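Undergrad: For chain Y, the structure is supplied; the task is to place chain B on it using the hints.
There are 2 protein chains.
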Amino acid sequence: MRSHSHFAPGHITGFFSPRIHETPEATGSVGAGVCIAHGVYTVVELLSDINTVTVYINGKKEDAPVSEEISKRFREKLKGVGVAVHHDLEIPVGAGFGASGAAALSLSLCFSEFLPLTRYQCAKIAHEVEVETKTGLGDVVSQLRGGIEIRVSEGLYGIVDNILLDKKLKVLSFSMGEIKTDNILKDDKKMEEIKKEGEKCLRDLLAQPTPENMITLSKRFSERIGIHDEDIKEVVKALDGVSLSSMVMLGKSVFSFIREDDMQEALSIIESFSGAIFISDIQEGGAW
Amino acid sequence: MRSHSHFAPGHITGFFSPRIHETPEATGSVGAGVCIAHGVYTVVELLSDINTVTVYINGKKEDAPVSEEISKRFREKLKGVGVAVHHDLEIPVGAGFGASGAAALSLSLCFSEFLPLTRYQCAKIAHEVEVETKTGLGDVVSQLRGGIEIRVSEGLYGIVDNILLDKKLKVLSFSMGEIKTDNILKDDKKMEEIKKEGEKCLRDLLAQPTPENMITLSKRFSERIGIHDEDIKEVVKALDGVSLSSMVMLGKSVFSFIREDDMQEALSIIESFSGAIFISDIQEGGAW
Numbered sequence: 045m046r047s048h049s050h051f052a053p054g055h056i057t058g059f060f061s062p063r064i065h066e067t068p069e070a071t072g073s074v075g076a077g078v079c080i081a082h083g084v085y086t087v088v089e090l091l092s093d094i095n096t097v098t099v100y101i102n103g104k105k106e107d108a109p110v111s112e113e114i115s116k117r118f119r120e121k122l123k124g125v126g127v128a129v130h131h132d133l134e135i136p137v138g139a140g141f142g143a144s145g146a147a148a149l150s151l152s153l154c155f156s157e158f159l160p161l162t163r164y165q166c167a168k169i170a171h172e173v174e175v176e177t178k179t180g181l182g183d184v185v186s187q188l189r190g191g192i193e194i195r196v197s198e199g200l201y202g203i204v205d206n207i208l209l210d211k212k213l214k215v216l217s218f219s220m221g222e223i224k225t226d227n228i229l230k231d232d233k234k235m236e237e238i239k240k241e242g243e244k245c246l247r248d249l250l251a252q253p254t255p256e257n258m259i260t261l262s263k264r265f266s267e268r269i270g271i272h273d274e275d276i277k278e279v280v281k282a283l284d285g286v287s288l289s290s291m292v293m294l295g296k297s298v299f300s301f302i303r304e305d306d307m308q309e310a311l312s313i314i315e316s317f318s319g320a321i322f323i324s325d326i327q328e329g330g331a332w
Numbered sequence: 045m046r047s048h049s050h051f052a053p054g055h056i057t058g059f060f061s062p063r064i065h066e067t068p069e070a071t072g073s074v075g076a077g078v079c080i081a082h083g084v085y086t087v088v089e090l091l092s093d094i095n096t097v098t099v100y101i102n103g104k105k106e107d108a109p110v111s112e113e114i115s116k117r118f119r120e121k122l123k124g125v126g127v128a129v130h131h132d133l134e135i136p137v138g139a140g141f142g143a144s145g146a147a148a149l150s151l152s153l154c155f156s157e158f159l160p161l162t163r164y165q166c167a168k169i170a171h172e173v174e175v176e177t178k179t180g181l182g183d184v185v186s187q188l189r190g191g192i193e194i195r196v197s198e199g200l201y202g203i204v205d206n207i208l209l210d211k212k213l214k215v216l217s218f219s220m221g222e223i224k225t226d227n228i229l230k231d232d233k234k235m236e237e238i239k240k241e242g243e244k245c246l247r248d249l250l251a252q253p254t255p256e257n258m259i260t261l262s263k264r265f266s267e268r269i270g271i272h273d274e275d276i277k278e279v280v281k282a283l284d285g286v287s288l289s290s291m292v293m294l295g296k297s298v299f300s301f302i303r304e305d306d307m308q309e310a311l312s313i314i315e316s317f318s319g320a321i322f323i324s325d326i327q328e329g330g331a332w
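Residue numbers (this note's numbering), protein chains in the order written: chain Y, 45 to 332; chain B, 45 to 332.
FYI, nobody ran anything at the bench for these hints, they're computed from the structure. Wrong hints could be hidden among the right ones.
The list makes no distinction among identical chains, and a pair is therefore deemed to hold if it is satisfied within one copy or across any two copies.
Here are the simulated SDA-like cross-link-like pairs (lysine to any residue), alpha carbons at most 25 Å apart as the crow flies [what the hints assert, rightly or not]:
id, residue 1, residue 2
1, Lys211, Arg46
2, Lys263, Met220
3, Lys168, Ser197
4, Lys263, Pro160
5, Lys244, Glu256
6, Lys224, Ile314
7, Lys105, Leu91
8, Lys211, His48
9, Lys121, Arg247
10, Lys211, Leu122
11, Lys211, Glu328
12, Lys240, Asp325
Given the structure is predicted, the values throughout are model-derived calculations rather than measurements.
One chain only, chain Y, in its complex shape (with noise of 0.2 Å):
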């Protein structure tokens, strides 16, 4: 038996806020993001001659301990089955586009055609193993919505509000690589920082909530809690008179807004950098 393909969206973090609680449904993290149309499609193959669980990703069997994890709690209501997972990743991996929440998301989804399940008691496992294996605080239910997202409260029941959009909007991402951001996250006295610093941009940002006050309060953020690498302050700072853009939440990464008029531009700019260029249009439905 296989499901059909499910997707999930990439999802890109502005700012956030972590709130750690005891339960990790309840767990999570506040803060803006945006969900690109670029993301992860899973199918799953129930396999009755064997009783394991296998991941491919993008057509290479490879170790995937989110996954495993989910595929595993999932099995424990389909008793005497194996699972293939097969992931078809459009996004780059640890540069910041949520391409584990999105794997996570993706997957749970399709065990709703073996299993009476809803949206959320789907998500609820995707949410809870990001949690623990410590991948992800806020992708999932992001990705869950779509859209640029802001997380008003946090959780898988969580309050994801949305900022509409009177235009149409294309996110450009460029990505120069991996950062090592663990010494910052286990950095306690650096963790309040960033808690403090992500409230106030919440605040700020459900104050006036348009995609150029996303952009502009992401930067300071970035700024101020000094995750701000050196090469990407270059691009947004080259990018500056054409489109605001800021670094993404933790990747070495830069993202951008951009009318479809000022592409060529913004192009032109960035290609004179190294690195990967990213052009999507923006996922406003949320995974399915």
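TA: For chain B alone, coordinates are given in the frame of chain Y:
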């Protein structure tokens, strides 16, 4: 200044349980229903030379207290302008298709083009005015979400879950006119019964969240609370062999989920009754 067109889907309620709280924001209902691709399109015009609100429904000037009140609340922030509201309705009024909620929500979304407002900030006014004028409890939040929805908790920020669909289902609905439900909704003992039955249906649907079970529980609900109209009973019975159906809460209408293959047979049965037939896709994305 004229807004772009905004849309909210029609919404059919299968079963419900009112939950009244101190504020309109917190008040609402739990239950289940479905959003259909037919709904209400609205455009708002700001006029600097007058200072009143005028509402046009399908091109004709009409009294529309909900739309007038909503416009009034947004106008408080848009000083010195008049408002012309143009609603274009694809669904009948008073038949249980949530036309009032769809008009309220699509109208509220239009104001996001003149004021920086999020999706929830717009929906808040629509939901509150609906609750205050007693025209709806759960329509607006359902129409904001879309799909076959399960309202797990009530109010503007309530949890609205979705039944996941692995096949393309259409909604066949059939309207035989209006029913008087005022006396039922004003009867405290009856309302207690409705509340209890609705809560039971909610629990049973969450345990087996499928379209078939949603209809089965809706049917049980309408029979047990005794709102089951005699004419409607006949239509439901006649459809039984082809497709489960139930009475629309609250209207003299029937709804059913039908696969494309079964549509002709269902139509041949329904055509022997006298009423208006609607064939709609499920609106999975909600209002925009």
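Undergrad: Go through the numbered hints given earlier and state which of them the structure violates, listing their numbers in rising order.
TA: Those not satisfied come down to hint 12.
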